[in-house]
Amino acid sequence: MTDISIRLGELVDRFGGQLIGNPDIQVVGIAPLSDASARHITFLSNSKFRSQAESTQAAALILSEKDHALVGEAYQGARLLTANPYVYFAKAAQYFNSLRARPDRLGIHPSAWVSPLAQVAENVSIGPHASIDDECVIAEGAVIGAGVAIARGVHIGAGSRLYANVSVYEDCIIGARCVIHSGAVIGADGFGFANEKGKWIKIPQTGRVLIGDDVEIGANTSIDRGALADTVIENGVILDNQIQIGHNCHIGENTAMAGCVGVAGSAKIGKNCSFGGAAMILGHLTIADNVHISSGSMVSRSILEAGQYTGFYPLAKNADWEKTAAIVRNLSSMRDKIRYLEKNMKAQGLLSGEDDQ
Amino acid sequence: MTDISIRLGELVDRFGGQLIGNPDIQVVGIAPLSDASARHITFLSNSKFRSQAESTQAAALILSEKDHALVGEAYQGARLLTANPYVYFAKAAQYFNSLRARPDRLGIHPSAWVSPLAQVAENVSIGPHASIDDECVIAEGAVIGAGVAIARGVHIGAGSRLYANVSVYEDCIIGARCVIHSGAVIGADGFGFANEKGKWIKIPQTGRVLIGDDVEIGANTSIDRGALADTVIENGVILDNQIQIGHNCHIGENTAMAGCVGVAGSAKIGKNCSFGGAAMILGHLTIADNVHISSGSMVSRSILEAGQYTGFYPLAKNADWEKTAAIVRNLSSMRDKIRYLEKNMKAQGLLSGEDDQ
Amino acid sequence: MTDISIRLGELVDRFGGQLIGNPDIQVVGIAPLSDASARHITFLSNSKFRSQAESTQAAALILSEKDHALVGEAYQGARLLTANPYVYFAKAAQYFNSLRARPDRLGIHPSAWVSPLAQVAENVSIGPHASIDDECVIAEGAVIGAGVAIARGVHIGAGSRLYANVSVYEDCIIGARCVIHSGAVIGADGFGFANEKGKWIKIPQTGRVLIGDDVEIGANTSIDRGALADTVIENGVILDNQIQIGHNCHIGENTAMAGCVGVAGSAKIGKNCSFGGAAMILGHLTIADNVHISSGSMVSRSILEAGQYTGFYPLAKNADWEKTAAIVRNLSSMRDKIRYLEKNMKAQGLLSGEDDQ
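Chains as they are written, first to last, in this note's numbering: chain B, 1 to 357; chain Y, 1 to 357; chain A, 1 to 357.
Hints are computed from structural coordinates only; laboratory data are not their basis. Warning: the hint list may mix true and false statements.
[To be verified] Some residues of chain B that are not near chain Y, with every Cβ distance over 10 Å (derived):
1) R7
2) D133
3) N272
4) S300
5) A316
[To be verified] Examples of chain Y residues toward chain A, derived with CB under 10 Å:
6) A194
7) Q244
8) S300
9) I303
10) Q348
Quick caveat: nothing in here was measured; it's all calculated off a predicted structure. The beta carbon of each residue, even a glycine, is placed where N, CA and C say it ideally should be.
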């Protein structure tokens, strides 16, 4: 790491916030509350860590006005007040990172292959053994990693970054400022087959994948092309690793999916939704805006009302699970037993009072 | 898209069916009922969309005899009657696609590496930065995408297509007319280790992967080689994306698996089965022919009888789930309470009538 | 396969054990009990297959002292007694394999690109179209497969093997004798974003991935780099295919994870744990040493006590599942009904005896 330091005053000039302390204090980076040294700035984004804030060694602390009132005098460094300390941290960290990161190697690596029929802007970076086929358009500032394979007719928007060994199939469109991590596959065939007497007849997948701006796609995630129409990922969507998006899905702006999520074909998912890790969404469902699905949940029906939804089996010690699972398998006999008891009590005039169910 | 049109009469000549209408009507492609214009042919494969069929703008409609009788006069275009409209659609779409798709670039790309000890048929297509190692056999018509890595001793059957960045390990055999999508890994080591006082000792995985004809394998799917014997994927199997097939599995003809399915080692799966997305199959199980597993289900025992099986926790609003999950955790106390009530009623002679469980 | 045979006496010299039989007997390989011919050695690692051991055709049988006493005279071949037959099998199989496997092609393939600023030991193997960027260190005996992309500043330890199309991001450290399978992605960005009025602001992921010695990582598995600190995989960890490890996780020595497991960010997992296929671990959890999680289980809380834990919904015929799932959804009304019955019985003085819950 090179030795770069930034004045607190510069951070305020760039990202706003109210500084309580000396603007000439220099910090060399951002660190968590517990790891920060006297040369770091840190942040308090969750009030439950307030006691850690009081004992941090950091030179400066990003925090909310509310926490400012509650973090005691024990913390004597500078304070940088802002409405959303976590967002402030993100922006400051991006700035530190932009100063430190190795610059991209501009130009086309001699081992790359770029079709003479592709249009490639001047100031791009194309890595070793990348291939860019006919009719592609690579816009300015794009960074194409080693071994990336871009098939015919693909557009990559300005400033987008594809890490090593990404594969993009024919005619897919990727917007500006996207980040696509290694091993991701954009535009493979959707899973469409007709069954003729037991044998599967492939349905050609002739739609594309259309990805908006500012989309991030994780490592080894796959997004299938549409069957007749297109698969659409709107602006600002963030997808973690190992995700599967089936053909003809439509994912609304700023929706976030954690690792290992699977979305079957033709799901229509709204804006600003979130899906916890390994959540699964069946095909042809509609999910409204602002729906939040807990990790490990199977979404087997449309959800038309915003809110948090969950469906996974609670963990237990294995011995307890075995006992409970046996009861689950026989729940209908338990229900019948209750009905039998109730029927007998009713027959004998033993039930009075209000049934509280 | 080039401007290609096809006479309805030509479709009937190629794929059969009974045409009610003018065989000289020309169509330029296939579209869904709702999107079709007067230059398209469309199809009705599910009777519940019959009302859409009546209002479609399409020049021609593929449908069954039964739906033909029920789709009213409001639809005035040509009708193409067939026993299975979805299969007919698939075949017609394949034909349209074959006319429109860009032709493969024949020959070996100058940036590819092909071992002089490999046997490569004349009319193949080998893409940029592909590598084909010693003792491989690449049969006629095979299409090897950019960055595909084929290790020593692999056979690729006639007409098979491997998309960009597929990896095939040593000695695996892939049949004819297979399609393998980007990021798929064929023949990595199975997960076999012996535990010696806490440390793992690797068991060499010396079997192969044997893949039959007409198999489709999705993006980022992995199929492990066998430990001592081989892993076998029979003819006509279709696997979606992000699937894991463990070592020594045997998957019978025409079985289909949707995305994110996992199959542990040594599972023996029959023919014509289907597995919904994210279904998981434990190791050393036997699954009979014609078994259908619902999405998200954990198969923890062998299934010897055909049928549909399911096992996932039902989704609920999070608040309801929390309440229900707490009860699930305590089901055994609920069962005990019922037994307690029953015992007391019995002791007091309050139970009569037949226990209906 | 070349025709290599080994004397039983040589096996005993290398791996110990007590031979009952002629040390000059030659075997050509290891096979399972049921497949072994008179030229094979086989092993009995699970007593339930004892009857198969009695009828095996193998020339020699690796088994425990206990099983030796119980396998009858029907088996007349040589016996090789050892405390752990499965470990013995693993070691002997490694030895057979080392004699048979094709040797790696030493040197740097002419189509590979190695930065002049990288340090590469003499006796490595670097495959076609691999790329090794500035400041990398590749230690002796490392094998780098076709199409592997290694970004700047990465260290690969002695004797480690990266199969085709692996991607390693900047500054990650991989120890000695590791095996990393095709499609694996080491060091992609963790999933870290701050939400500002609905839009996601990326948090730079500036930590690394640190992988110890003797680690195996499966095909298409991804391990994210840390946000500020590092993601750590300790010595001897074994990870199967299609696994996702989130940023800042710490996985203790010799822990094993089967395919399709997902671990969210900042999980701290102990030593010698095991995770069955598709188990999911939520973020910021702590898992003690020697915890074993069954396949398909969602771990939603920390586990501080060693033991076996399980949480998946039991599989059933679909019709039964539908009935049971409906009851699960309404478990709280069932509980209320029981309370209602109990209240009435109590009010009427009908409850006596001990409540056995």
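Comparing the hints with the structure gives:
1. Against the 10 Å criterion, R7/B stays outside the reach of chain Y, whose nearest CB is about 45 Å from its own CB.
2. In this structure D133/B is not separated from chain Y by more than 10 Å, as the shortest Cβ-Cβ distance comes to only about 8 Å.
3. Remark: the non-interface label on N272/B is consistent with the geometry, its nearest Cβ contact in chain Y lying 17 Å away (cut-off 10 Å).
4. Chain Y draws S300/B into its interface by the beta-carbon criterion, the shortest separation being 6 Å against a cut-off of 10 Å.
5. Annotated as non-interface, A316/B brings its C-beta within 10 Å of a C-beta of chain Y; the closest such distance is 7 Å.
6. Satisfaction of the interface hint for A194/Y is found here, the shortest Cβ-Cβ separation to chain A being roughly 4 Å, below the 10 Å cut-off.
7. Interface restraint check for Q244/Y: the shortest CB-CB distance to chain A comes to about 4 Å, inside 10 Å, so the restraint holds.
8. At a threshold of 10 Å, the smallest CB-CB gap from S300/Y to chain A is about 6 Å, leaving the interface hint in force.
9. Checking I303/Y against chain A: minimum C-beta separation of about 8 Å stays under 10 Å; hint holds.
10. For Q348/Y, the interface hint holds, since its Cβ comes within 10 Å of a Cβ in chain A; the closest pair sits about 6 Å apart.
Hint compliance for this structure: hints 2, 4, 5 are broken, all remaining hints hold.
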